[in-house]
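Starting from the two chains in their separate frames, assemble the complex, guided by the hints.
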Amino acid sequence: MSQIFPRSANAIVRFSLVGVLLFGGLVASIIGMSMRSDYVTGANSNVDQPVQFSHLHHAGGMGIDCRYCHTSVEQAASANIPPTKTCMNCHSQIWAQSPYLEPVRASWKTGESLVWTRVHDLPDFVYFNHSIHVKKGMGCETCHGRIDKMPGIQQKSSLQMEWCLDCHRNPEKFVRPREAVFTMGYEPEGDQLEVGRKLVQEYKIQSLTTCSTCHR
Amino acid sequence: MAIALTHARTARRAVPPSRAALAVVLLSAALITGCRQDMHDTPRYEALEESDFFADKRAMRPIPEGTVARGNLREDDVYYTGKVDGEVVHTLPAQITVDKALLDRGQQRYNIYCAPCHSTLGDGNGTIVQRGYKRPASYHDPRLRNMGIGYFYDVITNGFGQMPDYSAQVAPADRWAIAAYIRALQLAQAGTIDDVPAADRGVLEGGAPAAAPEASHGGGAAHD
Numbered sequence: 001m002s003q004i005f006p007r008s009a010n011a012i013v014r015f016s017l018v019g020v021l022l023f024g025g026l027v028a029s030i031i032g033m034s035m036r037s038d039y040v041t042g043a044n045s046n047v048d049q050p051v052q053f054s055h056l057h058h059a060g061g062m063g064i065d066c067r068y069c070h071t072s073v074e075q076a077a078s079a080n081i082p083p084t085k086t087c088m089n090c091h092s093q094i095w096a097q098s099p100y101l102e103p104v105r106a107s108w109k110t111g112e113s114l115v116w117t118r119v120h121d122l123p124d125f126v127y128f129n130h131s132i133h134v135k136k137g138m139g140c141e142t143c144h145g146r147i148d149k150m151p152g153i154q155q156k157s158s159l160q161m162e163w164c165l166d167c168h169r170n171p172e173k174f175v176r177p178r179e180a181v182f183t184m185g186y187e188p189e190g191d192q193l194e195v196g197r198k199l200v201q202e203y204k205i206q207s208l209t210t211c212s213t214c215h216r
Numbered sequence: 217m218a219i220a221l222t223h224a225r226t227a228r229r230a231v232p233p234s235r236a237a238l239a240v241v242l243l244s245a246a247l248i249t250g251c252r253q254d255m256h257d258t259p260r261y262e263a264l265e266e267s268d269f270f271a272d273k274r275a276m277r278p279i280p281e282g283t284v285a286r287g288n289l290r291e292d293d294v295y296y297t298g299k300v301d302g303e304v305v306h307t308l309p310a311q312i313t314v315d316k317a318l319l320d321r322g323q324q325r326y327n328i329y330c331a332p333c334h335s336t337l338g339d340g341n342g343t344i345v346q347r348g349y350k351r352p353a354s355y356h357d358p359r360l361r362n363m364g365i366g367y368f369y370d371v372i373t374n375g376f377g378q379m380p381d382y383s384a385q386v387a388p389a390d391r392w393a394i395a396a397y398i399r400a401l402q403l404a405q406a407g408t409i410d411d412v413p414a415a416d417r418g419v420l421e422g423g424a425p426a427a428a429p430e431a432s433h434g435g436g437a438a439h440d
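Taken in sequence, the protein lines are chains A and B. Per my numbering, residue 1 is the first one in the first sequence, and the count goes up by one each step. Per my numbering, residue 217 is the first one in the second sequence, and the count goes up by one each step.
Be careful, since some hints might not be right.
Computed list of lysine-lysine pairs in DSS-like fashion (alpha-carbon distance at most 25 Å, straight line) [as the list claims (entries may be wrong)]: (1) A:Lys135 with A:Lys173; (2) B:Lys316 with A:Lys136; (3) A:Lys85 with A:Lys136; (4) A:Lys109 with B:Lys273.
Just the calculated beta-carbon pair ranges, DEER-fashion [unchecked claim]: (5) A:Arg118 with B:Val240: 47 to 57 Å; (6) B:Ala275 with A:Leu165: 25 to 35 Å; (7) A:Lys85 with B:Val300: 21 to 31 Å; (8) A:Tyr39 with B:Asp293: 50 to 60 Å; (9) A:Ala9 with B:Arg235: 14 to 24 Å.
It is worth saying that the hints were derived from the structure and are not from the lab. Note that beta-carbon positions come from the ideal geometry of N, C-alpha and C, so glycine has one too.
Same shape as in the complex, but just chain B (with noise of 0.2 Å):
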C-alpha cells in the first residue's frame, strides 16, 4: 500500500512520457512483489490455523474417542500411572535408569513446570504462590519424604486438590524425571555432612558461604 501512495504523488506531478513509463513499469515490479496473497497464503493447514470446515473451527482434530495413536498405547501401569493395584509404587519402573542425565533433565522440566509455585528449592514458595495462588505443602514435610515416588508422577498426571494436572505439558518419561529429581532434593535438603564424600568435607566446612549457595540452587543434588 506504500506503493499505492507513491503512484498517486507521481500522477500529481505529472512527470513526462518517458519517466512516467519507467515509473510504471517499476512500480508494477514493486506492485507484482510487494503482493502478499496467492501463494503466501495457500490453502493448507498451518499448526493452529483456524478451519471453516469442522464445526469447532479447529484444523488440528482431536483424536476420536475410544482410538488410540501410534506408539501412545498405555498398557504398563506401572510406568502410566505410577500405581500398582492402586497403591503409589515406592522404585521407579524398570524402563527408567537413575543417572545424572535423567536427574539434570529432572532438574531442567521441574525448573520449568513446577518452580513457579513449588521454588526451587521446594518448599512451596515460589513466585506464582506470593502473587496470591495458594500455597502448597514443602516437599522437605516428613509426609511427602516417605512418599513412595509413584505419588509424584500421579500428582503430575493427574492434579491434585487446586493444582491442575500437567499431564498436556509434561510427557510420561519427563514426568519420572520430575518424580526422581524431587527425590534428589529431598536428600539434599535432609542431607548431612556424613553424606559429602570425606575428600571434599573440608571444602564445606572450611567454607561455609560457597556451601550454602549451592544448595539453594538444588543443584548440588544431582551428585548426592
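Next comes chain A alone, as it looks inside the complex (with noise of 0.2 Å):
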C-alpha cells in the first residue's frame, strides 16, 4: 500500500512542530510581557489626590530635603507621610487663600486626616523596610526615579519580585555614598561598579536572596 502521506509531508510536520514552538513561545512571552507592563505593574500612570500637592515645586524647586516630610525613613520601615500640620508650618502664611490648598485648611480645623491615595503599594504578604535600605546607601532616586521633577507622583520601578532581586543579588550596581541618597540627580565618581564595589565592602551589605528576608 502506498504511503498516505506524500514525502512532503514530513516537512509539512517539522514546519508545524516549529510552528506550535514558536506559537507557545509567543503566548508564553507575550503573557510575560503583559505581565511586566505598565498595565499591571501600576508604574508611569498617574493617581488622583486630594490636594495637588507638587514634588516638582516643593522637592525640586525649594529643595526641601525629603526628611522635612518623610521623617521617618531613616529609622523605620514607613517613611511616613506628613500630617497636616507640617503643610500648616509653611501655609498658615504662605498662599494661605489658595483654593487649591482648602482641603488642607480644612483638615487642620476639624482635625480629620487628608486621605492620600498611595501610589506604591506592596502585596500585604511581603516585608519592605525603608531604614534598612537608606543606612546601606540605597538612593530615594533609584527606587522612585526623579521625584523631584514629578508635579504628581508616578510609579517608576515594576516592584515586583524579579526587581527587588536585582538589586538584593547584585547590589553593587546601585549602591551610592550614604551622603548622597537623598540627592537626585546622582552621578558616580567613575565607574558605578568599581565605585560600588569598594561601597558594598565598606558598608558590608549582604546579597539577601532567601524567601524569610521578604516574606515573613
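This is how it looks when you write it as C-alpha cells:
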C-alpha cells in the first residue's frame, strides 16, 4: 500500500512542530510581557490626590529635603506621609488663601485626616523596610526615580519580585555613598561598578536572597 | 483586565478547540496570577492605613491622655525643656558631649528642618522667606548671640511668634544637636583671624577666595 502522506508531508510536520513551539513561545512571551507591563504593575500612571501637592515645586524648586516631610524614612519601615501640621508650618502664611489648599485648611480646622491615595503599594505578604535601604546607601532616586521632577507622583519601578532581587543579587550596581542617598540626579565618581564594589565592602552589604528576607 | 481583553479577542476569531483549550489554560493561569486581591490586601493594618473601626478613621492610634509611652518619661527638665526654673540654660545638659559627630548631626538636621527659612548661613533669608514667609531675625544678631543655648531648644520645642514648633519633626537629642550647631554658626560668623590655628593662617591670608565659600557653607564651623 502506498504511503498516505507524500514525502513532502515530513516538511509540513517539521514546520508545524516548529510552528507550535514558536506559537507557544509567542503566547508565553505575550503573557510575560503583559505581566511586566505598566498596566499590570501600575507604573508610570497618574494618581488622583485630594490636594495637588507637587514634589516638583517643594522638593525640586524650593529644595526642601525629603526628611522634612518623610520624617521616619531613616528609622522605620514606613517613610511616613506628613500630617496636616507639616503643611501648615508654611501654608499658615504662604498661599494661605489658595483654593488649592482648601482641603488642607479644612483638615487643620476639623482635625480630620487628609486621605492621600497610595501610589506604591506592595502586597501585604511582602515585608519592606526603608531604614535598612537608606543605611546601606540605596538612594530614593534608585527606587522612586526623579521625584524632584514630578508634579504628581508616579511609580517608576515595577515593584515586582524580580526587581527587588535584581538589586539584592547585585547591590554594587546601585549603591551610592550615604551622603548622596537623598540627592536627586546623582552621578557616580567614575565607574559605578568599581565605586559600588568598594562601597559594598565598606558598608558590609550582604546579598539577601532567601525567601524569608521578604516573606516573613 | 488586560487579560480580559485578550480573552474577548480569542473568542471572536473562533480558533480550533485544541488551541482554544490551550488558550483557556494559559489565560486562567494568567488570570490566577494576575488577581491582585485576597492575599495582597489582608485584613491587617499598615502604617497610616484607613480604618473603618475607629471613629476618626485612623488605624494608628494616638496615645490616650495621661499615659506615658515606654522610654518617654520626661523627668529631666534641663534635657526636655532647656530651662531651669523658667530660665533658659546656658550650657548643654550633662548627657550631651560636644564633639564633631554632634556638630555634624546638628548641621545635617539644621539644613533639613531650619535652613528652608533661616538659610544655611543663619541670616534668616531662606528660600521660603524669599517666597513670602515672615523674615526671622538673623542668628548673628547680638541679642541671639548672647542668648543661652537652651533658648534654641525651647523655640524648636514650643515655637516662637509666627514660627510653628518642630517638636513632632525633631527628636530631643537632635534639638540639642541643632542648638549646638547654631552656636557654632554664630561663632563661625563672628570669627577673626586669631581664631584660626597659626599653621592654617597662611592659607586664609594667601587665598582669600578659598576662605569665603567655606564660610558661606557653614562647613567650617565644626572645627572652629
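Hints versus structure:
no.: 1; hint: A:Lys135 with A:Lys173; verdict: holds (16 Å)
no.: 2; hint: B:Lys316 with A:Lys136; verdict: holds (22 Å)
no.: 3; hint: A:Lys85 with A:Lys136; verdict: violated (31 Å)
no.: 4; hint: A:Lys109 with B:Lys273; verdict: holds (17 Å)
no.: 5; hint: A:Arg118 with B:Val240: 47 to 57 Å; verdict: violated (34 Å)
no.: 6; hint: B:Ala275 with A:Leu165: 25 to 35 Å; verdict: holds (30 Å)
no.: 7; hint: A:Lys85 with B:Val300: 21 to 31 Å; verdict: holds (29 Å)
no.: 8; hint: A:Tyr39 with B:Asp293: 50 to 60 Å; verdict: holds (59 Å)
no.: 9; hint: A:Ala9 with B:Arg235: 14 to 24 Å; verdict: holds (21 Å)
Checked against the numbered hints given earlier, this structure breaks hints 3, 5; the rest are met.
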